[in-house]
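Trainee: Put chain B on the given structure of chain A with help from the hints.
Protein chains: 2
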Amino acid sequence: MTTQQLTEQIQLKKSFLSVGLDVDLNKIPQHLLETKDQIFEFNKAIIDATHDLCVSYKPNVAFYEAYGIKGWQALQKTINYINENYPEMFTIADAKRGDIGNTSSMYAKAFFEDMDFDSVTVAPYMGKDSVEPFLAFENKHTILLALTSNEGAFDFQTLKIDGKEVYKQVLETSKTWKNSENLMYVVGATKAEYLTDIRKIVPDSFLLIPGVGAQGGSLSDVCKYGMNANVGLLIASSRSIIYASNQKDFAEKAREEALKMQQEMASILDNQ
Amino acid sequence: MTTQQLTEQIQLKKSFLSVGLDVDLNKIPQHLLETKDQIFEFNKAIIDATHDLCVSYKPNVAFYEAYGIKGWQALQKTINYINENYPEMFTIADAKRGDIGNTSSMYAKAFFEDMDFDSVTVAPYMGKDSVEPFLAFENKHTILLALTSNEGAFDFQTLKIDGKEVYKQVLETSKTWKNSENLMYVVGATKAEYLTDIRKIVPDSFLLIPGVGAQGGSLSDVCKYGMNANVGLLIASSRSIIYASNQKDFAEKAREEALKMQQEMASILDNQ
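Which chain is which? The protein sequence lines are A and B, in order.
UniProt numbering puts the first residue of the first sequence at 1, with every later residue one more than the last.
UniProt numbering puts the first residue of the second sequence at 1, with every later residue one more than the last.
You can trust all of the hints, since none of them are fake.
Any copy will do: because identical chains look the same in the list, a pair fits if it lies in one copy or spans two.
As a list, the in silico BS3-like pairs of lysine-lysine whose alpha-carbon atoms are at most 30 angstroms apart: (1) LYS27 x LYS140; (2) LYS160 x LYS200; (3) LYS178 x LYS27; (4) LYS248 x LYS109.
In short, the hints are calculated from the structure, not lab data.
This is chain A alone, in the form it adopts within the complex (with noise of 0.2 angstroms):
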């Protein structure tokens, strides 16, 4: 998928939501865990429920990793699921790899290739040589961690290398790297302010957007400071919309909470 296909589906849907499929069997509801495929038909749920208010899921896949093969068949049924049904969504291995080059290879290949993601979250402390061959897949994308949005944030993203901080060295050093039109950034909703500088150095790029809601960060500012011409944004909601509700009624309640969050958007985008 290109950038400038995402962007007509955020304008089509007046959307620019990511819905992250992050199951935890303990949040789920009691009536799916008697089912064969739990995690696949809890996503599967959410999926059919939000697909027309979102552009994009962001399967975690620590959540996936942490059942084992059980978890990895999941996520394998539910990338399949949304390419075979949705092939208009954006798709987004939250993964944050990082590797030395041909170890990344590896990880390269196993999300876009066999599981057939549009793009992957790879954290960037390695490195030029462990990003570039994520960057070499023709129109996938390679999300770096930029500014993250937990506290750890503060332990060294925000540290000042000659004045300058280091996920503002990280976005202007990752700028050089070969193929780095297929780059996009991790900016948490939690710090918006730093958007404004944020932009000056990647004016054109798509930013994923963790932590608006549940984290505390907010729509309105993050798209004051963040949105570009071609919106530029993805907002990462997970656990505020999967977690509506742990009844029969979770997916109706998914569906509610996303209506929200896009109305919201309609809203923005609209005024613009």
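Mentor: The following block gives chain B in isolation, referenced to the frame of chain A:
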């Protein structure tokens, strides 16, 4: 496994070698491709041929993930085989994970509980709350990326924050985290001269050292600058051992290569 038990194994075997089980189906002997469990059969042969010469096995998870569900089954079978037959081994899931708190907990559970690895490699970029969930497991070890052995290490890790390199900042800050006694660190052998400074910050910690051999690092330099009273080193070596031959004699040749390294290590330990 405790670090004291690891040191005892090192003294007993006169080896601080960690064999990297990075299985690439393009590189393993042709005759194994005809077996059902190709990856596991390769690992089993390597393990049986080298177990008395090393103290640790380190599968890089990317190589397994790249083969999808088949790969995860092979990883599970491999760690089970080691734990059942060679419980004295220090096992490392080289996964380079790192995510926000509750997600890191999922990864920690997957590697420490479900698969029963002794340790896992973790990336530091997201800071304290992304690493502490791993540190909470008793007698399990979190091997934090500090200074890696690849070219990209110079992109961010060696840049200076207030006159101090990022990787040193990582070492120092990590010492303040809860259960930091469960930390070990990845330090690339290609930068052996950095070990003097590193030992000033983490004198007692175990260091996992990739990059000896294939990537050009020198074992004697690493030991000269990095060894402490408890040895405190694990030398990771993969390709030069496991792909010493791609014929029917692959396990025998792997043993020969492992023996060369073990003998070099024994000589260093005897002359300590």
